[in-house]
Amino acid sequence: MEELVIRDADVVDGSGGHSYRADVVVDGGRIVSIVKEAADAGCQRPKARRELDAEGLVLAPGFIDMHAHSDLALLRDPDHSAKAAQGVTLEVLGQDGLSYAPVDDRTLGEVRRAIAGWNGPGDDIDFDWRSVGEYLDRLDRGIAVNAAYLIPQGTVRALVVGWEDRAATPAELDRMRRLVAEGMEQGAVGMSSGLTYTPGMYARGAELTELCRVVASYGGYYCPHHRSYGAGALEAYEEMVALTREADCPLHLAHATMNFGVNKGRAPALLSLLDDALDAGADISLDTYPYTPGCTTLVALLPSWASEGGPEETLRRLADEETAERVRHHLEVTGSDGCHGVPVEWETIEISGVGDPALSGYVGRTVLESARERGGSPWTVARELLLKDRLAPTILQHVGHEENVRAIMRHRVHTGGSDGILQGAKPHPRAYGTFPHYLGHYVRELGVLSLEECVAHLTARPAARLRLPDRGLVREGYRADLVLFDPATVAAGSTFAEPRTLPTGIPYVLVDGRFVIEDGRRTDVLAGRAVRRTPR
Numbered sequence: 000m001e002e003l004v005i006r007d008a009d010v011v012d013g014s015g016g017h018s019y020r021a022d023v024v025v026d027g028g029r030i031v032s033i034v035k036e037a038a039d040a041g042c043q044r045p046k047a048r049r050e051l052d053a054e055g056l057v058l059a060p061g062f063i064d065m066h067a068h069s070d071l072a073l074l075r076d077p078d079h080s081a082k083a084a085q086g087v088t089l090e091v092l093g094q095d096g097l098s099y100a101p102v103d104d105r106t107l108g109e110v111r112r113a114i115a116g117w118n119g120p121g122d123d124i125d126f127d128w129r130s131v132g133e134y135l136d137r138l139d140r141g142i143a144v145n146a147a148y149l150i151p152q153g154t155v156r157a158l159v160v161g162w163e164d165r166a167a168t169p170a171e172l173d174r175m176r177r178l179v180a181e182g183m184e185q186g187a188v189g190m191s192s193g194l195t196y197t198p199g200m201y202a203r204g205a206e207l208t209e210l211c212r213v214v215a216s217y218g219g220y221y222c223p224h225h226r227s228y229g230a231g232a233l234e235a236y237e238e239m240v241a242l243t244r245e246a247d248c249p250l251h252l253a254h255a256t257m258n259f260g261v262n263k264g265r266a267p268a269l270l271s272l273l274d275d276a277l278d279a280g281a282d283i284s285l286d287t288y289p290y291t292p293g294c295t296t297l298v299a300l301l302p303s304w305a306s307e308g309g310p311e312e313t314l315r316r317l318a319d320e321e322t323a324e325r326v327r328h329h330l331e332v333t334g335s336d337g338c339h340g341v342p343v344e345w346e347t348i349e350i351s352g353v354g355d356p357a358l359s360g361y362v363g364r365t366v367l368e369s370a371r372e373r374g375g376s377p378w379t380v381a382r383e384l385l386l387k388d389r390l391a392p393t394i395l396q397h398v399g400h401e402e403n404v405r406a407i408m409r410h411r412v413h414t415g416g417s418d419g420i421l422q423g424a425k426p427h428p429r430a431y432g433t434f435p436h437y438l439g440h441y442v443r444e445l446g447v448l449s450l451e452e453c454v455a456h457l458t459a460r461p462a463a464r465l466r467l468p469d470r471g472l473v474r475e476g477y478r479a480d481l482v483l484f485d486p487a488t489v490a491a492g493s494t495f496a497e498p499r500t501l502p503t504g505i506p507y508v509l510v511d512g513r514f515v516i517e518d519g520r521r522t523d524v525l526a527g528r529a530v531r532r533t534p535r
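Number 62 in numbering that gives the first Met the number 0 belongs to position 63 of the sequence shown; there are no gaps in the numbering.
Capping the alpha-carbon separation at 20 Å, the derived lysine to any residue pairs in SDA-like fashion look like this:
hint, residue 1, residue 2
1, Lys387, Arg327
2, Lys387, Leu317
3, Lys387, Gly374
4, Lys387, Gly375
5, Lys387, Leu358
6, Lys387, Pro356
7, Lys263, Gly231
8, Lys387, Glu312
9, Lys387, Ala424
10, Lys263, Gly334
11, Lys263, Glu344
Here are the computed distance ranges between Cβ atoms for each label pair:
hint, residue 1, residue 2, range
12, Ala487, Ala281, 38 to 46 Å
13, Ala487, Glu320, 58 to 66 Å
14, Arg409, Arg325, 40 to 48 Å
15, Ser359, Asp275, 46 to 54 Å
16, Gly204, Lys263, 23 to 31 Å
17, Arg48, Glu475, 13 to 21 Å
18, Asp164, Asp275, 29 to 37 Å
19, Pro534, Gly280, 19 to 27 Å
20, Ser130, Arg48, 36 to 44 Å
21, Ser449, Ser376, 44 to 52 Å
22, Thr322, Gly375, 14 to 22 Å
23, Lys263, Glu444, 19 to 27 Å
24, Glu321, Pro534, 53 to 61 Å
25, Ala357, Arg75, 19 to 27 Å
Treat the hints as calculated values from the structure; they're not laboratory data.
Even for Gly, the Cβ is constructed at its ideal location relative to N, Cα and C.
Can you make the complete structure from the sequences, with help from the hints?
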């Protein structure tokens with residue numbers, strides 16, 4: 000007898016088609032049968048050792064977070080309710096060009112310092128891996144939800160070239176190609192870049208094109224955080240489209256937003272650019288989170304020249320009065336490349352987390368508010384924070400536009416991604432709320448998407464981008480990564496005031512046929528594993 004039958008569920012299967020009522024039978028981690036309209040037809044109903052009454056609940060494929068920053072959180076926190084409670088059953092890690100494989104001892108230390116604001120310093124982690132394959136093996140020991148990995152181009156460049164702003168030599172480019180090939184062979188699904196973050200931003204287009212050729216040869220995709228989401232945003236998108244067309248590499252645009260005042264109401268221009276490319280045969284997808292503020296590290300706003308050479312050089316420059324004044328001028332007057340070419344507006348920069356608890360008084364306040372409280376300038380506050388906290392502060396950037404968010408989420412190649420940074424005392428609520436916020440706010444309350452459309456955006460579309468042949472749909476033979484939610488009550492509990500509050504209306508989540516959320520509570524099941532690239 001099979002393990003589980005989910006009885007009388009309203010199945011929204013991920014295809015975008017109409018829902019239907021069915022009994023769904025799960026055994027051995029897979030969906031073994033789907034009996035539609037079983038109760039009404041009067042036919043023999045399937046039986047199993049356990050029956051779950053799903054009356055009034057929607058059964059959907061587990062949600063796929065196409066842009067996650069849980070690279071260390073999955074290892075640090077077996078509970079991982081931040082994602083499991085949302086119905087997320089698969090996260091894509093290695094984002095924005097910076098993560099922890101492939102590395103050597105030097106690069107690992109540099110990367111840990113550079114992205115401490117994303118993932119913490121990692122002092123509680125045993126970094127017993129160096130290669131992509133070894134990191135995936137580490138995930139295979141058991142994690143809360145499944146995870147796929149993108150080779151981080153910035154980390155590869157740090158390993159081979161260092162943190163200098165210069166072109167790679169032919170020998171260095173060859174070594175970077177080999178590292179990308181090895182990572183793909185070991186199971187990565189593609190490559191990411193952070194082209195407003197050092198050292199990835201120092202790569203010229205020709206270098207990125209050559210690495211994308213390698214990714215494409217293994218059936219992977221390129222996921223860039225491109226060179227600007229502010230001034231020059233459309234040109235930055237155009238660069239990525241042209242670059243990947245030349246490399247014949249699929250393109251997935253990370254957190255594809257149009258931010259800052261210069262881009263208010265300009266989402267249609269971006270979508271027109273993408274439609275033209277798609278109609279011409281380009282292979283493009285994108286992800287977004289359903290909120291207007293962004294989230295990153297405070298150090299990321301600095302001009303790229305201030306971060307050349309790595310974290311220690313950045314701190315040295317900030318400590319020097321004359322150099323620090325140059326940094327301020329680029330930030331406040333010129334518009335630094337780290338701040339997307341737009342002069343910083345300190346009233347939009349809210350400190351969301353710090354590494355040193357002694358600095359917690361800054362959290363939840365904008366830099367401008369802290370400056371007024373302390374009687375100094377905003378730059379003085381920002382500089383002091385960076386120096387005292389050794390580049391660890393994270394920020395919310397209140398620079399988005401609701402009309403852009405809604406327009407982009409309707410697009411035919413849209414998928415969902417939380418971009419969830421789990422660090423800090425006051426993280427962005429998207430880390431805990433992205434997927435129920437789509438379902439509750441944008442589907443039920445606003446009707447921006449139908450329920451069937453939205454589920455397809457969060458399941459089948461990302462599974463297709465990841466080339467996963469047995470995930471993303473409720474189908475016989477597919478893996479039983481499933482979520483059951485109440486469409487009348489599902490909602491994000493997280494808010495900007497209380498960002499770690501768990502969602503409501505999601506009582507059951509299964510990974511590999513095992514309950515990780517049951518009756519609305521996290522179980523002790525660690526059914527997640529690394530999801531490796533499917534060979535061509």
